[in-house]
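Asks: Here is what each chain is made of, one letter per residue.
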Amino acid sequence: MTFVRPTFRHPDSPVNKLGYTRKFYEGALSTLCAGCGHDSVSGAIIQACFEMAVEPHKVAKLSGIGCSSKTPTYFLSNSHGFNSVHGRMPSVATGAYLANRDLMYIGVSGDGDSASIGMGQFVHAIRRNLNVTYIIMNNGCYGLTKGQDSATADFGSIGKAGSANMFHAIDMCGLALELGATFVARSFSGDKHQLIPLIKAAMSHPGFALIDVVSPCVTFNNNTGSTKSYDYTREHVEATAAVDFVPIMREITTEYNEGDSIEVVLHDGSSIHLNKLSNDWNPRDRHSAVNRLYQAKAAGDILTGLLYIDTESKDLHQLLNTTQQPLNQVPQEKLCPGSGVLENINASMR
Amino acid sequence: MLNDFVIRFANVNGTGSASANTMFAKSVFRMGIPVSPKNIFPSNIQGLPTWYEVRVSEKGYLGRREGIDIMVSVNPQSMVKDIANVKPGGYFMYDSSKDFHRDLTRDDITYLPIPMMQMCMDKFPDPRQRQLLKNMVYVGALAALLEIEVPVLQQIIVEQFKGKERLVTANYEAMQMGIDYAKAHFQCPLPGLRLERRDKVGDWILMDGNSACGLGAVYAGATVLSWYPITPSTSLADAFGKYAKKLRIDPETGKNNFAIVQAEDELAAIGMVIGANWNGARSFTATSGPGVSLMSEFLGLAYFAEIPTVLIDVQRGGPSTGMPTRTQQSDLISAAYASHGDTKHVLLFPSTPAECFEHTTIAFDLAEQLQTPILVMTDLDLGMNDNMSPPLKWDDKKAYARGKVLDAAALEKLERFGRYLDVDGDGITYRTIPGTHPTKGSFFTRGTSRDEYAAYTEEGPAYVRNMDRLVRKWETAKQYVPGPEFYQQEKKSQFGMLFFGTTTYAAVEAKDMLDAEGVTLDAIRIKSFPFNNAVKEFIDAHERIFVIEQNRDAQLKTLLVNELDIDPNQLVSVLNYDGFPITADVIKQKIFKNLVGRLNSPYVAAKVTPSDSQVGE
Chain H
59 MTFVRPTFRH PDSPVNKLGY TRKFYEGALS TLCAGCGHDS VSGAIIQACF
109 EMAVEPHKVA KLSGIGCSSK TPTYFLSNSH GFNSVHGRMP SVATGAYLAN
159 RDLMYIGVSG DGDSASIGMG QFVHAIRRNL NVTYIIMNNG CYGLTKGQDS
209 ATADFGSIGK AGSANMFHAI DMCGLALELG ATFVARSFSG DKHQLIPLIK
259 AAMSHPGFAL IDVVSPCVTF NNNTGSTKSY DYTREHVEAT AAVDFVPIMR
309 EITTEYNEGD SIEVVLHDGS SIHLNKLSND WNPRDRHSAV NRLYQAKAAG
359 DILTGLLYID TESKDLHQLL NTTQQPLNQV PQEKLCPGSG VLENINASMR
Chain E
47 MLNDFVIRFA NVNGTGSASA NTMFAKSVFR MGIPVSPKNI FPSNIQGLPT
97 WYEVRVSEKG YLGRREGIDI MVSVNPQSMV KDIANVKPGG YFMYDSSKDF
147 HRDLTRDDIT YLPIPMMQMC MDKFPDPRQR QLLKNMVYVG ALAALLEIEV
197 PVLQQIIVEQ FKGKERLVTA NYEAMQMGID YAKAHFQCPL PGLRLERRDK
247 VGDWILMDGN SACGLGAVYA GATVLSWYPI TPSTSLADAF GKYAKKLRID
297 PETGKNNFAI VQAEDELAAI GMVIGANWNG ARSFTATSGP GVSLMSEFLG
347 LAYFAEIPTV LIDVQRGGPS TGMPTRTQQS DLISAAYASH GDTKHVLLFP
397 STPAECFEHT TIAFDLAEQL QTPILVMTDL DLGMNDNMSP PLKWDDKKAY
447 ARGKVLDAAA LEKLERFGRY LDVDGDGITY RTIPGTHPTK GSFFTRGTSR
497 DEYAAYTEEG PAYVRNMDRL VRKWETAKQY VPGPEFYQQE KKSQFGMLFF
547 GTTTYAAVEA KDMLDAEGVT LDAIRIKSFP FNNAVKEFID AHERIFVIEQ
597 NRDAQLKTLL VNELDIDPNQ LVSVLNYDGF PITADVIKQK IFKNLVGRLN
647 SPYVAAKVTP SDSQVGE
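Protein chains in written order, with the working numbering: chain H, 59 to 408; chain E, 47 to 663.
It should be emphasised that the hints constitute simulated quantities derived from the structure, not laboratory data.
C-beta atoms are modelled at their ideal positions from N, C-alpha and C, and glycine is treated no differently.
Any given hint might turn out to be false.
[As the list claims (entries may be wrong)] From chain H, some residues computed to sit far from chain E (all C-beta separations above 10 angstroms):
#1 Arg67
#2 Glu109
#3 Asn223
#4 Val276
#5 Val295
#6 Gln382
#7 Arg408
[Stated by the list, open to error] Selected chain E positions facing chain H (Cβ under 8 angstroms, derived; list incomplete):
#8 Ser272
#9 Trp324
#10 Tyr623
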């Protein structure tokens with residue numbers, strides 16, 4: 059863990075359009091192991107929120123239980139946070155979202171939290187197209203209980219004790235695609251150039267936006283033979299595309315070779331530029347995403363980047379035809395039918 | 047037996063008998079005579095036997111009563127048992143379209159054969175209609191035999207099939223066939239068994255408790271319902287949906303001022319409720335015992351992290367899957383102490399649909415005032431049967447009590463916000479809703495131990511301060527929860543009866559029965575847990591208290607002993623747990639037997655003789 063964080067900030071630290079510095083988006087000091095991939099993901103969330111000029115108090119961050127689920131303490135300290143029950147963050151997030159559709163929801167989970175105990179809630183949150191940025195910090199093991207294999211540990215991956223995992227891995231992106239998820243991405247905690255724009259795009263997506271982030275556990279799963287170590291991941295990463303997120307009304311600065319570039323315009327007018335690295339893949343085609351994912355898997359590669367996006371996504375409130383006003387702000391006079399109506403109901407029961 | 051009998055209908059599940067049977071009950075009710083209908087149904091969609099039992103009681107006793115005066119049998123499957131269940135001197139009406147075996151005859155009852163199915167086959171062409179209208183034939187026959195006012199029945203038919211004129215005509219015809227047949231073949235009215243108009247129901251209504259709870263949630267301002275289907279609470283969620291669609295759709299935009307999610311399981315259902323309440327929307331779930339078991343972990347979180355939560359538990363027979371379509375009050379302990387660690391939850395015990403409505407609205411206020419789970423404990427008997435009840439009441443001046451919530455202006459004035467800081471000394475702290483203020487009031491909600499400022503801590507003293515504050519809050523809760531009802535102005539006996547929920551109906555009747563035999567008891571009805579101080583005072587003032595409840599293990603007694611530090615010997619249990627609502631007879635006999643040894647007591651009048659103690663167990 060990092061014990062000291064300098065409080066000094068350069069007086070001319072850049073500010074975003076709300077006038078906040080990056081520091082305003084930080085959280086408490088991390089208590090995770092030094093070098094933990096999760097801290098890099100927290101850093102990417104902070105950077106994405108800073109660059110997008112998000113109002114921190116309009117964000118709610120939710121998590122389950124585990125190392126990954128501790129991280130909401132380490133970013134956005136001006137946001138309300140909820141460290142709930144193991145594997146149950148999706149339901150708490152669903153309730154929170156039903157209560158107030160105007161906030162932005164970041165759900166943070168781990169492979170134990172989402173792929174095992176919380177699998178039921180994970181899949182149903184996808185089916186409901188809950189409007190949440192759902193980040194899985196995926197390290198293939200249970201860090202907080204000292205390194206047991208998780209359900210995303212690859213078959214044959216060697217654990218710290220030296221034994222090979224004898225069960226097949228659950229691919230959270232493959233599963234999400236199968237379930238009809240409207241935004242599916244995979245990234246690597248060590249690649250902030252890819253992760254930050256993906257987080258921004260996920261936050262702009264009106265629906266369930268999954269980012270499965272390979273985030274190595276330096277203490278229990280970073281050994282030789284592990285398929286979720288820093289070394290292994292660096293050697294086997296295959297990106298679908300270079301990703302650049304372009305907020306609304308901002309000039310496009312990145313240049314791409316003509317023909318290789320795809321622009322995906324998001325619901326809120328912002329857009330993602332993808333510099334394609336693979337010809338047989340189209341991010342708006344679920345089948346090609348599924349195929350591409352399986353091909354990479356067969357080749358032993360970790361396919362990263364935005365795998366699939368549905369720009370016509372309809373989120374849960376749209377599906378339920380809920381009023382535009384957040385439900386937690388609808389006044390009593392609109393909620394309570396009053397005694398006159400009750401008298402009629404009484405009369406109908408006689 | 048004028049205006050005082052029990053009639054049971056034996057039907058096949060899924061044959062449309064429910065609507066005809068309800069018409070019968072409603073016609074009695076509309077003749078101003080108190081009535082108490084109960085569905086006795088199987089866990090089955092079609093084919094198994096189902097019964098509908100109606101107690102008619104001019105005196106207004108609404109509890110179940112043993113002994114069937116008249117059985118209406120249209121189900122050959124259960125006929126042998128149904129015949130055996132008729133009281134000597136009673137009547138057995140049956141569909142005589144098919145031959146009746148001689149072995150089934152009893153000398154001590156009167157048979158009323160009516161070829162219902164044959165009559166319908168001769169009259170109506172459509173097979174499904176024949177089956178449905180057969181039920182109206184027996185309703186018609188009963189009208190003649192018991193002197194139900196025919197215009198009352200006709201009016202009910204018109205209301206039931208509003209807009210479907212063809213059905214009104216067909217039902218009229220079927221009913222008339224029944225009337226004509228009964229008049230032609232039997233003595234009408236039946237000797238000693240009939241109805242006569244009274245004015246004993248006043249402005250009361252006939253409603254099921256689940257509908258009343260669902261409507262209560264609409265009135266209380268609940269905007270989020272998350273639930274998982276389970277008998278007997280499903281119709282509660284349905285009722286909320288039905289009323290919300292009528293009363294909560296914005297007339298201008300056509301959008302819903304509510305959200306209902308059928309969750310993937312009970313864990314997710316309560317998780318969503320907690321998430322929504324955390325975010326400032328009134329939210330609830332409805333379930334039964336197995337659901338409460340699954341929700342326990344989350345209830346512990348809501349207790350410890352102090353998040354308002356409303357759960358309506360429509361209890362059924364347990365343990366495990368138990369008797370899913372039978373009634374019990376057997377979730378008290380699992381609800382009161384749900385979850386691991388030191389937890390206690392507030393329970394409410396409604397006993398009528400009016401109270402189902404009222405307690406549901408109170409539950410939302412209490413949940414936000416106390417920032418803790420509130421469990422409304424009803425049961426299958428109350429939830430799924432039409433119960434006679436005072437009308438539902440709502441005071442338009444009543445504003446929702448949202449508890450201690452800090453808004454942006456209040457936060458602005460605050461030096462430092464402490465989510466778990468006991469500012470007022472009542473154990474209840476101030477909370478903030480996400481999105482309120484850009485720089486103040488945000489905090490981290492967690493199931494781990496934390497200090498007064500919501501920061502994670504494993505410091506023993508900070509943990510103990512928090513746990514002790516929760517006990518302080520529990521004490522405060524006693525002033526907030528509804529107090530008990532007493533059935534006497536001043537103490538009249540050294541013996542008392544204590545009961546709650548649906549046990550009330552039979553208990554009150556038993557009290558009158560005992561009174562008539564010279565045994566006077568004081569009575570108290572509990573409406574909530576934690577118990578108010580008035581409950582402790584009542585128990586302390588009596589030498590012996592009969593605690594009447596519908597479970598095997600005397601769960602309410604356990605709570606009383608545990609929470610009020612009462613000598614267990616002072617509390618005598620009167621229990622019933624066979625899945626049927628408890629009867630006054632059972633209560634009376636058990637209390638009587640217990641008191642026989644004390645006949646010298648000045649409180650027991652002289653007319654009690656030892657021979658009376660011979661009544662059964």
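Asks: Indicate, hint by hint, whether the structure satisfies it.
Replies: We went through each hint and held it up to the structure:
No beta-carbon of chain E comes within 10 angstroms of the beta-carbon of arginine 67 of chain H; the shortest separation is about 17 angstroms. For glutamate 109 of chain H, the condition that its CB be more than 10 angstroms from all CB atoms of chain E holds, with the nearest at approximately 18 angstroms. Asparagine 223 of chain H, annotated as away from the interface, keeps every beta carbon of chain E farther than 10 angstroms; the closest lies near 28 angstroms. The Cβ of valine 276 of chain H sits about 22 angstroms from the closest Cβ of chain E, beyond the 10 angstroms cut-off, so the non-interface label holds.
With a closest Cβ-Cβ approach of about 33 angstroms to chain E, valine 295 of chain H is found to remain outside the 10 angstroms limit, as its non-interface label requires. Distance check on glutamine 382 of chain H: its Cβ comes as close as 7 angstroms (rounded) to a Cβ of chain E, failing to clear the 10 angstroms threshold; non-interface status is violated. With 10 angstroms as the threshold on Cβ separation, the claim that arginine 408 of chain H sits away from chain E is violated: the shortest Cβ distance comes to roughly 6 angstroms. Because the beta carbon of serine 272 of chain E sits about 7 angstroms from the nearest beta carbon in chain H, less than 8 angstroms, this interface hint is met.
This hint holds: tryptophan 324 of chain E has a C-beta 6 angstroms from the nearest C-beta of chain H, less than the 8 angstroms allowed. Against a cut-off of 8 angstroms between C-beta atoms, the interface hint on tyrosine 623 of chain E is violated, since the closest Cβ of chain H lies about 31 angstroms away.
Violation of the numbered hints given earlier is confined to hints 6, 7, 10; the remaining hints are satisfied by the structure.
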